[in-house]
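Got chain A sorted already, so can you dock chain B onto it with the hints?
In order, the protein sequence lines correspond to chains A and B. Just so you know, we're using this note's numbering here: the first sequence kicks off at 1 and counts up by one. Just so you know, we're using this note's numbering here: the second sequence kicks off at 1 and counts up by one.
Treat the hints as calculated values from the structure; they're not laboratory data. Warning: the hint list may mix true and false statements.
[Unchecked claim] Residues from chain A shown here face chain B by an in silico Cβ test under 10 Å; the list is partial:
hint, residue
1, I787
2, P873
3, P876
4, Y880
[Stated by the list, open to error] Chain A is nowhere near these chain B residues, computed Cβ spacing over 12 Å in every case:
hint, residue
5, I123
6, T162
7, E167
8, D308
[As the list claims (entries may be wrong)] Covered stretches of chain A (chain B as the covering partner; in silico rule of three or more C-beta atoms under 8 Å from a C-beta of chain B):
hint, segment
9, 679-686
10, 855-869
Quantities reported herein were computed from a predicted structural model and do not represent experimental measurements. We put the CB at the ideal spot given by N, CA and C, even for glycine.
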Amino acid sequence: MRSLLLLVMITAYMSLSSQTINISVENEPAENVFKEIMRQSDKNFVFKSNLLKNKSISAHIKNASLSEALDKTLTPIGIGYTLKDGVVVLHRMSPRTAAALERHTISGFVRDSISKEAIIGAIVRDLNTNTAVSTNSNGFYSLTASGPNACIAVNALGYIPRKRNIESFKSDCEIDFSMIEAYQIDEVTVIGDKNMVNMFESASIGHTTINSNSIKSTPVVFGESDIIKTIQLQPGVSAGVEGLASMYVHGGNHDENLYLLDNIPLYQINHFGGLFSAFNTEAVKNVDFYKSSFPAKYNGRLSSVMEVNTKDGNMTKHNGSLKLGLTSGAFNIDGPIIKDRTTYSFAMRRSWFDVLSVPALAIYNSLRNDDTETTVARYAFTDINGKITHHFNKKSRLHLMAYYGEDFLKGGTKSDYEKDKDVMEYHESDITRIRWGNFIVSTGWNYLFNPKFTGNLTAAYSRYNSTLRREQKETSYDDEENDKVTDELYYDSQSHNSISDWIFRSDFDYMPNAMHRVNFGANYTYHRFMPEMTSMKLDSNEDFLTRNYNKSKSIANEINAYISDDWKISQNVRSDIGLNISSFFITNKSHVNFNPRAAINWKVTPKLNLKASYARMSQYVHQLTESSLSLPTDQWIPIAGDLKPQTSDNYAIGAYYNLSKSYVLSAEAYYRNMRNIVDYRDDYYMVPADAPFYDQLTSGRGTAKGIDLIARKNIGKITGHISYSLLWSDRKFAEKNHGMKFPSKFDNRHKINILINWRINDKWEVNASWTGMSGNMFTFSTQDYDILPDDKLPPFGDNYYDGYLDFIDGINNYRLPFYHRLNLGANRHTHNGMWTFSLYNAYCNMNTIALRKTFEFDGYGTTKIFQRLHLIPIIPSVSYTWFF
Amino acid sequence: MRYFYFLTLLLATSACYTDFDPDTDTKPVLTINCSAQNDSIVTAQINRSWRHDESRPSPYAGIAEVSLTVNGKPQPDMTFDEVSQQFVSNYVARSGDKIQITAASQKYGVADGCVEVPYAVNIDTITTSHRVFVNHNSIIAGSDGNWGYMKYIEIKYNITFTDPDSERNFYMLEVINKPQILGDIIMDDPIFSEHQNVLDIILSNSDWINFFSDESISGNKRTLTVRHTMPLPSANMPDDVYHDVVNIRLHSISESYYKYLLSICKKYSGFNGSLNDIGLGNDVMIYTNVSNGVGIVSGSACSNYPIDISDIIKSCANANL
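The following block holds chain A by itself, in its conformation from the complex (with noise of 0.2 Å):
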């Protein structure tokens, strides 16, 4: 018994959960620490009195339980513990518990196996501890594994899972992946969905990950690949007026996206009115969405959050794709300028419209047989992305990014009148021109301090820059004059909006243990608004007229600091807790708002799980918005006057069940409340045009509540979804629609979306996607009655008939009828290309996008009838993509 001695405490009168224990200490003697937890306990201990010989303790330890603060100050020396009765009895741990124990940091950089590229949200996994998580922008990864051996398992979309065991490490390791492209192999699988994580492993609701694969496989209009029209399959988004490439994200508006184009803002997404988004696929490596919960991270929008990631450039080998389709070719190339150290990636896309509409419009000025009057029109746009990635050692990388972006659209008519062959009488031109689009360009170091720590600091400049011009020109010409000019008119109308942002931003990235994941950081945007600047010349013989005016220039100064903890509670619970403050100075005011957010989920069974979530989101920017069309003028502006910023609550709760291997089904239920939210007034007209902005606006209060069912097939040669949602979403603003609540326009009640890719081989790929949902809503005017029978009333124009007005009855009032289009693909791989072939509309179902009141002349009289306008028939489309 010389080698036993027994320490017994006085009987314990606490219990083990009430007591808390602090400690402080550097490597002090284990039995000195030990003494010190039996005074903070108050509990027996009972150990051998060689155990704790020549062992030291270093732990800070704050508000812990006594069995926390055991395993804190216990396991690090092997030592394990039972608690029994009140008393705890110390015991050496075999040593096969204490390796089990013990905890090593495993990090690393998942990468593609050719290009080197760095694969966001690849999933790495532990599969003895079955903990998990996703790579990060730069593709790193940091996992913390218990004991002496580990199986890391990684699994990325389109790529072969990778598995690694490692064996009686001791120490930290950095282990490297390199992913093979799933279809460089025979056996054609897809496996691997980072949406698997954001559904199981993550507390985030409603946040799907896109890949440019995925997005190439959603068949779409003129056969071009488009990441909005992909995202508007899932449930919760309508797609807005048809053919159109905007969103409505659960009941909000188009200007409540934030669309980040490598972590910047882009304000303008769309061409050509939007029948094609501003995001070139070949340029794209994938794509984040969020609409129910939001990290911390982002804030500035209501409604959703699309953070689309570029490619860097293959770091081995040059290689790109030439893409020519019908309506537009596209050009990309990337590779190393310094081999596994500098890359390059340059996309470029360019529609041929323009092209395409000279002899469309050669017939028809020849069709409407006038010789003197010629129609002019022509219309384009451009995409080009650049990239530069320059790793400086494993640890630090930096980047220089540009994007350019630009529509051009012109029309109008020329005339010439000639008394005869030889001689020009008059000339006559009226040509209007538009021209809108994006520049980017930012810069970004990446730096990794050590494998539980890297941060990112990014500066960038972002305009977006829109102008019209309207130039007409009249000249006269004296015949018997040697063609003397005579008479001469010029008048020339331009109207420019644009909105200028400098960002700098940082975010850092902290792994301290297994449980906690700390993201934080700040940025700054300066503002520069130019709403409306307008200005007017006409100069004739007689007249010279100048007219200039701008509209409210302003300047604003916004910060955001952020700060979040993704908590793994315990094996079954995690959380994902944030705070996100924003503020926004403009014209001697500030706005300062605090956007909590909170998820958690909860691991009922291995197969289920339970999530709830709450994030308040903030804007200080909106788009006015005039028609029901989405169009370049239209102008953003700044919360100013007596607005208000935006806030909105969002809601949400969500279960995931993991049906097999191939089948997840969930359902997401969602609640948003909208306060400060503006449109414009119901007399907005009687502002004059010179006022502010922010005179013709009102602000009110929305609500948007539904649910999202989904069920998915990620897994095997045939994946795609069956999705549906329910909606309502109103808006009340104390001067429209007479202070009365109305629905909003996107308040598509019911909507099914199916989506099928069917990969037959490696050759073939057929795809096939079907929407339905109820119809948009819409202010429509079914009565009329009567003009006041007075002389003194000014004519109105082309569009003013018959001495009767519309009497409407509410805004939103009627609901456009069920909207439903069936969309079918086709790609087939060749040896180094690609064929693209699709069928928008296949069974051409022209949906109603509007109504209008007209007459129809019956030869005898008019007769009035009410029209549906429907847009967009079937539409078959081709491409090639030369990959080489």
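For chain B alone, coordinates are given in the frame of chain A:
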């Protein structure tokens, strides 16, 4: 509208219209239209709204009981006049009167509207300047088969008035001239386009409007410029050919009337009017000050300024010899 080539082209190639019958309950409401003018008897047109594809119902005596209240005092009931199809009172409106029209119908309920008749604002002065120009939009063919451009007279009226500074005022300008084939009154003073937005200005051939507010005048003197064009008559004609007296009238109109006119313009003309015609316009609701119904109860008062332009026409014609 000439400037919607792409929209038109797009719609022509990818869109179509189909007739349909909107399956909705249509509940007619009473319409009151009344223009109470200084020194004129008060009349009101009472009707109901009707479904667009039905015929317009003719106003009739039994549609409602119509009463007039002036400055809070009930007046004898208005009677229905079959000729004008309006309800007519015996009361002559005066500036400053508060006119209220009430229409009570068993079928459509009770609707009413109210207005205060404004005071007339006198025109201080009108000065003129003129020129003769070749109008390249007007061609004349000679008996010899040759053709040429017509010459025109342009008279510029500079109309000066003083806006009362005590309250918000609204105006309508009217130029009544001898009917001229090919002649025109052009109201392109910037005050008439103060509510046109950039799309109206640049993308549409907006029709001029002839009403404005004192927002940019605010109690000061203001000179409006109006151009009057007419074909140049031949020289040495009898004096009655050249005789022309133009009446320039400045109407003071009620705010309700101004809002009503402006909402009609916004809905049916300009860029929004063009979009509205194809079903894609903004949801502009026509202004009404009739509660429980639609229409307008408006007020106006007029000051007239005649100006003889016979000498101008004659001198221009003779100078063109």
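Quick rundown of the hints versus the structure:
For I787/A, the shortest C-beta to C-beta distance to chain B is roughly 7 Å, which falls under 10 Å, so the interface hint holds. The interface hint given for P873/A is met, as the beta carbon of that residue sits about 6 Å from the closest beta carbon of chain B, less than 10 Å. Because the closest C-beta pair between P876/A and chain B is about 13 Å apart, greater than 10 Å, the hint is violated. Evaluation of the Y880/A hint against chain B yields a violated restraint, the C-beta minimum of about 24 Å exceeding 10 Å.
Distance check for I123/B against chain A: the nearest CB is about 17 Å away, which clears 12 Å, and the non-interface claim stands. Distance to chain A confirms T162/B as a non-interface residue, since its nearest Cβ pair spans about 21 Å, more than 12 Å. With a least beta-carbon separation of about 16 Å from chain A, E167/B lies farther than 12 Å from that chain, consistent with its non-interface assignment. No Cβ of chain A approaches the Cβ of D308/B within 12 Å, the least distance being about 24 Å, so the stated non-interface status holds.
A count of 5 residues in the segment 679-686 of chain A with a Cβ less than 8 Å from any Cβ of chain B is obtained; the coverage claim is therefore met, three being the minimum. Note: the segment 855-869 of chain A has 8 residues with beta-carbon separation from chain B under 8 Å; the three-residue rule is met and the coverage holds.
Checked against the numbered hints given earlier, the structure breaks hints 3 and 4 and satisfies all the rest.
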